[in-house]
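Chains as they are written, first to last, in our numbering: chain B, 30 to 359; chain F, 106 to 420; chain Z, 15 to 307.
It is worth saying that the hints were derived from the structure and are not from the lab.
One or more of the hints may lead you astray.
[Claimed, not checked] Some chain Z residues well away from chain F (every beta-carbon gap over 10 Å; in silico):
no. : residue
1   : V25
2   : L35
3   : R36
4   : R37
5   : L64
6   : L106
7   : E135
8   : L140
9   : F143
10  : M157
11  : E167
12  : F199
13  : L201
14  : P220
15  : I227
16  : A281
[To be verified] Restricting the straight-line Cα-Cα distance to at most 20 Å, the calculated cross-link-like pairs of lysine to aspartate or glutamate (EDC-like) are:
no. : chain 1 : residue 1 : chain 2 : residue 2
17  : F       : K188      : F       : E274
18  : F       : K236      : F       : D314
19  : F       : K236      : F       : D202
20  : F       : K188      : Z       : D70
21  : F       : K188      : Z       : E198
22  : F       : K188      : F       : E299
From the three backbone atoms N, C-alpha and C, an ideal C-beta is built for every residue, glycine too.
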Amino acid sequence: MSGPLLEVDALRVQIDAEDPDARPVRAVDGVSFEIERGEVLGLVGESGCGKTLTGLALLGRLPRPRGRIAGGAVRLDGIDLTALAEPERRAIRGRRMAMIFQDPMTSLNPYLRIGDQLIEGAVWQGGVTRRAALRRAEALLARVGIPDARARLRSFPHELSGGMRQRAMIAMALLAEPDLLIADEPTTALDVTIQAQILALLAALRAERGMSMLLITHDLGVVAGLCDRVLVMYAGQIVESGPVRALFDRPYHPYTRALLRSTPRIGARAARLASLDGLPPRLDAAPMPGCRFEPRCALARPACREAEPALEGIAEGRDRRCIAGLEELA
Amino acid sequence: MSGPPLLAVEDLSVDFRVGEARLRAVDSVSLELRAGETLALVGESGCGKSTLARAIGGLVRVRHGSVRLAGSELVGLSRRAWKPIRRRVQMVFQDPDASLNPRMNAAALIGEPMLVHRRLRGRELDREVCKLMERVGLDPTLRTHFPHAFSGGQRQRIGIARALAVEPELLLCDEVTSALDVSIQAQILELLRELQRQLGIAILFITHDLAVVRHLADRVAVMYLGQIVETASAEALFAGAGHPYSEALLAAVPRVDGPPIAAAADRSDEVPSPLAPPPGCRFHPRCALALERCTREAPGEYPIATGRARCFLRA
Amino acid sequence: MKAARRSALEVGPGMRAWARLRRNRAAMAGGWLLIGTSLLCFVLPMLLGLDPQTTDPVRHLEAPGPDAWLGRDSLGRDYLARVLVGGRTSLLVGLVATAASVTIGVLYGMVAGYYGGWLDEAMMRLVDFLYGLPYMFIVILIMLLFSETARGEPLPVFVALGLVQWLTMARSVRGETRALREREFVLAARSSGAGDARILLRHVLPNLLGVIIVYATLTVPAVIILESFLSFLGLGVDLSWGQLVSEGVDVVNPIQSYWWLLAAPSALLATTLFSLNFLGDGMRDAFDPRGEA
């Protein structure tokens with residue numbers, strides 16, 4: 030098996046409006062990227078940029094009835110998931126990709142015991158007895174740091190704290206031994222000290238299983254701590270990508286730079302936090318020529334309004350969607 | 106900044122009834138705030154920081170203790186007596202969606218306090234509303250719009266404008282930037298700094314985000330399970346060697362310019378339930394430095410090099 | 015063009031709900047049907063000079079014909095006139111009794127929900143107690159309280175029905191008020207120094223409208239059915255759809271079916287009821303906060 034584990038090719042996701050006469054929202058507009066085996070890729074952006082929907086699209090979990098994939102392909106190990114029929118797609122997704130979310134309560138059925146929910150997928154997929162599945166579930170719960178795992182199998186979700194529920198959700202995702210784990214804001218709803226533990230757990234799981242991860246978040250610190258590479262999204266598009274350290278030390282896109290400069294640092298108080306005026310463009314508006322970030326960009330010039338810049342490679346492993354010179358972004 | 110403090114909270118406690126049990130959400134808290142100063146109140150969920158702010162703002166009942174605003178006692182005041190105080194203390198809330206009445210437009214929302222307190226009406230009221238909107242960076246022509254038409258950052262500005270409408274001396278900000286994107290958060294933080302410079306208001310800023318504290322605060326109070334465990338100047342807190350919980354918080358935040366997170370699957374401590382806090386020092390089950398004494402005796406607030414801390418070891 | 019259309023941003027949640035409602039075809043159909051029926055009952059008799067009261071024993075139980083489109087009843091009265099004029103009563107009863115129960119229920123529920131504590135406990139226990147009493151029994155008692163001469167008049171029926179229906183409204187308003195009281199914008203208003211009256215009027219009540227409207231549109235058909243039932247039992251108003259159905263049933267016999275006597279009021283009653291239900295369902299969907307964009 031060579032080649033990347035996951036290839037996303039010009040993915041487009043659309044959400045139809047409530048009012049049948051209104052335009053649909055082009056939430057994800059031509060996103061392409063790859064994830065290698067064993068790699069942790071971060072997907073950052075502010076609210077509304079399309080990062081969550083990208084993750085949901087990979088798993089076929091777009092909001093119904095109005096969300097749908099409007100174009101592009103998603104290939105897992107060369108197999109085009111968008112071209113498959115639903116049952117086959119579900120089989121692959123269930124076994125090789127898994128997702129964890131921000132709020133464990135929406136993923137966990139409050140009326141079922143933890144153990145029953147954990148093994149549900151495995152038993153349904155077939156090939157394992159209930160007892161064997163429960164044994165594995167117990168081992169996994171212990172592995173993710175839940176004390177007294179056997180007793181916890183019989184607990185209901187509301188009996189666990191937020192951090193424990195998140196761990197249970199991670200165990201549920203891991204049960205099928207996925208090749209790719211998609212984590213959407215996995216620690217945003219948790220307290221700082223608990224967040225640190227969950228992040229450390231994810232780091233450990235990645236190290237011992239060689240699992241790939243797509244980490245979707247708005248928190249740059251989390252990305253810096255866990256990810257190898259990062260994609261920056263804005264208004265449904267990727268505007269910059271590259272290795273985490275290099276990108277954060279030296280951003281090549283004005284939006285990335287603005288994000289970094291508006292993030293307060295624990296290490297030192299900045300004289301003034303840079304801020305961005307205005308708002309991202311409405312994704313249900315008619316497509317306009319030119320760069321989507323131009324109205325808010327400090328480096329905008331007339332050429333920016335004429336044509337939308339393409340995502341181009343600039344240096345080793347670094348792409349960006351901007352025509353400004355690199356020296357202007359120092 | 107000299108003279109008596111603008112806000113002096115002493116030994117304040119607030120209880121809630123949870124089913125049959127009694128929860129002490131705020132436990133004997135003391136703090137001070139001077140005019141023109143920003144005090145950050147930091148802690149994780151369930152530590153009681155929001156309840157403390159609401160108690161200071163007269164929105165929840167106090168069990169015992171004292172809250173003095175420029176010398177006058179606020180605890181035990183009747184509803185009527187609170188009205189003039191409301192002009193001096195205002196609160197801004199976390200959720201920009203929930204804190205604005207969806208059925209009132211921006212002008213009505215911002216104008217309401219002025220209507221109630223300064224008895225402004227008609228054109229004069231409208232003029233003041235426009236002035237306030239400009240001051241917080243909102244376009245006054247938008248004042249006929251309803252909350253749903255504004256972005257989260259704009260809604261938060263409306264909340265701030267509303268709070269400023271009565272020209273308060275003290276602003277209680279409860280996680281006002283937690284629901285906002287980082288670029289919008291930056292705008293609001295800089296706005297608050299600017300307003301403080303111009304108007305000299307004191308700000309009690311509640312947050313769980315230590316990076317924001319670093320950027321905004323003059324002094325910091327750290328809360329854990331209803332108690333203040335450390336009070337210090339901002340620089341001192343970030344320099345370290347304070348209460349072990351503060352150290353743990355500082356160590357836990359993932360930094361943009363920091364190292365990769367170390368793999369560790371065995372750490373799994375929990376925040377104890379506020380209904381059943383641990384005996385002795387409340388932090389001892391999670392403290393790397395805990396002594397036997399810590400499991401039995403509850404430490405008081407001892408002066409340390411950089412301020413005050415509730416810890417035997419740092420005293 | 016731009017100035018003519020009020021911007022969607024300046025429009026409150028109420029107007030947006032209204033827009034959603036207008037897109038709901040079933041609800042709009044129900045609404046138009048209701049308007050049509052009301053016009054029929056209130057306006058047509060005057061236009062056509064119909065007379066529901068004059069008896070003409072000679073022509074009793076006459077089948078529908080050119081000068082009496084719906085035939086005549088057992089006393090020779092013009093049935094079309096009776097059905098239409100009877101409709102006025104049924105519709106009015108629905109409206110007035112609902113208005114009464116809404117007013118009482120909202121005031122009661124707001125006070126109980128906002129102040130809480132022992133007042134809320136006491137008020138709600140009273141509601142629980144009243145709820146437990148046999149409904150028909152109460153209504154009949156109230157009806158009997160009115161003197162003989164008042165029997166058959168609409169007023170006792172309004173009173174009886176209104177007094178019983180407010181309970182459900184009070185309960186849901188109280189629940190909603192309790193939730194609203196803790197919402198941050200109410201806290202913000204308190205923090206701004208607004209008094210209770212202002213908070214209840216400006217902040218709580220407008221946000222209750224959704225619940226109120228939905229319950230009201232579902233109470234109207236309930237009241238109309240109740241009135242029909244009362245009339246069927248002989249306790250209702252002299253001339254209403256229920257009363258007409260009752261009269262129609264009286265003359266049913268195996269030899270001659272005077273179908274028009276039953277068909278007309280029943281059809282109108284049924285149409286009105288399901289129009290109200292479509293409209294009520296549509297309103298509930300339109301006001302549902304989860305439908306908010």
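Outcome of the hint check:
no. : hint                 : verdict
1   : V25                  : violated, 7 Å
2   : L35                  : holds, 17 Å
3   : R36                  : holds, 19 Å
4   : R37                  : holds, 18 Å
5   : L64                  : holds, 45 Å
6   : L106                 : holds, 31 Å
7   : E135                 : holds, 15 Å
8   : L140                 : holds, 24 Å
9   : F143                 : holds, 26 Å
10  : M157                 : holds, 41 Å
11  : E167                 : holds, 40 Å
12  : F199                 : violated, 4 Å
13  : L201                 : violated, 6 Å
14  : P220                 : violated, 4 Å
15  : I227                 : holds, 14 Å
16  : A281                 : holds, 41 Å
17  : K188(F) with E274(F) : holds, 15 Å
18  : K236(F) with D314(F) : violated, 32 Å
19  : K236(F) with D202(F) : violated, 23 Å
20  : K188(F) with D70(Z)  : violated, 74 Å
21  : K188(F) with E198(Z) : holds, 19 Å
22  : K188(F) with E299(F) : violated, 28 Å
Hints 1, 12, 13, 14, 18, 19, 20, 22 from the earlier list are contradicted by this structure; the remaining hints agree with it.
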